[in-house]
Amino acid sequence: MENNSGMPSPSPSQPGDLPSAADARAALDALSRDRGELANIAVTPSWYHPALAGLVFIFIAGAGSERFWVLTFAAYGVGLAWLVTAYRNLTGIWVSGWQVKGSRTWALVLLVVMLAGVITSLVVRRGQLDWWWALVAGAVAALTTLWVGPRFDRALRDSLRSGQ
Amino acid sequence: MNRPAPALDPVLLEPKRLQICGALGVIDEMEFGTLRDLLGVADSVMSKHLKTLEEAGYVSTSKQRAGDTGRPRTWVKLTKTGRTAFLGHVAELRRLAQDVGAPTS
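Residue numbers (my numbering), protein chains in the order written: chain F, 1 to 164; chain D, 165 to 269.
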């Protein structure tokens, strides 16, 4: 029999075979331990956020260029795909963070700053702002990425440990 | 999302299967080997549990090529049905776990 924890494995419709309170606590404790282990696994490599910040800069600053925006957008897409694949291969997990409350807040902060950056760059492309504003927008978004990244990770690991 | 009603699920009464759903319930996707190491079981045991969960519609698997070796890796994710069953099962376990402190007449 594959059951190896002492917990019975019958139909719950049979009251006599229901897990005891001790069994239930043991199962819940195991789930809690696993979440702690997952939090230890979900450690982002040190190069990840600088690389992501670089891509964000290329994307937003490039969006302000009439000639190069397609190229920089493609570079951003390819780079992002490579980053995600590298993270998945290294950690063996993928957590977008959207379904975790704490990290979702930080993801939204980054999204808002990136959106503001893209809008700024589009205004630059229309010729309504000087070209260097696109560089400023890209730099602000990149620095925000560097600032948000570790906080996103911390919130994610805290959420994994607490099971929230 | 509404909380599922507390109810023990026969499939999740097996502790390792409960642990698989528990791990997948807090992340988006997990690679077979990482999940196996987390649970501390052999490949064959892991495959057997995943097959049972997949047949119940609780998890889905996909093969993706790893960048370093080029060999396909199996990634596992919890389905909506699996999440509902897991949350209901855990709610019932919590209720059962609290019963220990309840007075017995």
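Among the hints, erroneous ones may be present.
In silico DSS-like pairs for lysine-lysine, Cα to Cα no more than 30 Å straight-line [stated by the list, open to error]:
1) D:227 x D:215
2) D:212 x D:244
3) D:241 x F:101
4) D:241 x D:215
5) F:101 x D:180
6) D:241 x D:180
7) F:101 x D:244
8) D:244 x D:227
9) D:180 x D:227
What the hints contain is simulated information worked out from the structure, not anything from laboratory work.
Just so we're clear, the structure is a prediction, and the values are computed from it rather than from any experiment.
Evaluation of the provided hints:
1. This hinted pair checks out: residue 227 of chain D and residue 215 of chain D have alpha carbons roughly 15 Å apart, not beyond 30 Å.
2. At roughly 21 Å between alpha-carbon atoms, residue 212 of chain D and residue 244 of chain D fall within 30 Å of each other, so this suggested pair holds.
3. Taking the CA atoms of residue 241 of chain D and residue 101 of chain F, the gap is near 19 Å; set against the 30 Å cutoff, the hint holds.
4. For the hint pairing residue 241 of chain D with residue 215 of chain D, the CA-to-CA distance comes to about 13 Å; that is within 30 Å, so the pair holds.
5. Annotation: proposed proximity of residue 101 of chain F to residue 180 of chain D holds, straight-line Cα distance about 27 Å (limit 30 Å).
6. Between the alpha carbons of residue 241 of chain D and residue 180 of chain D the distance comes to roughly 15 Å, so the proposed pair stays at or under 30 Å and holds.
7. Pair hint residue 101 of chain F plus residue 244 of chain D holds up; C-alpha atoms about 19 Å apart against a cutoff of 30 Å.
8. Restraint check for residue 244 of chain D and residue 227 of chain D: satisfied, since their Cα atoms lie roughly 20 Å apart, inside the 30 Å limit.
9. For the hint pairing residue 180 of chain D with residue 227 of chain D, the CA-to-CA distance comes to about 22 Å; that is within 30 Å, so the pair holds.
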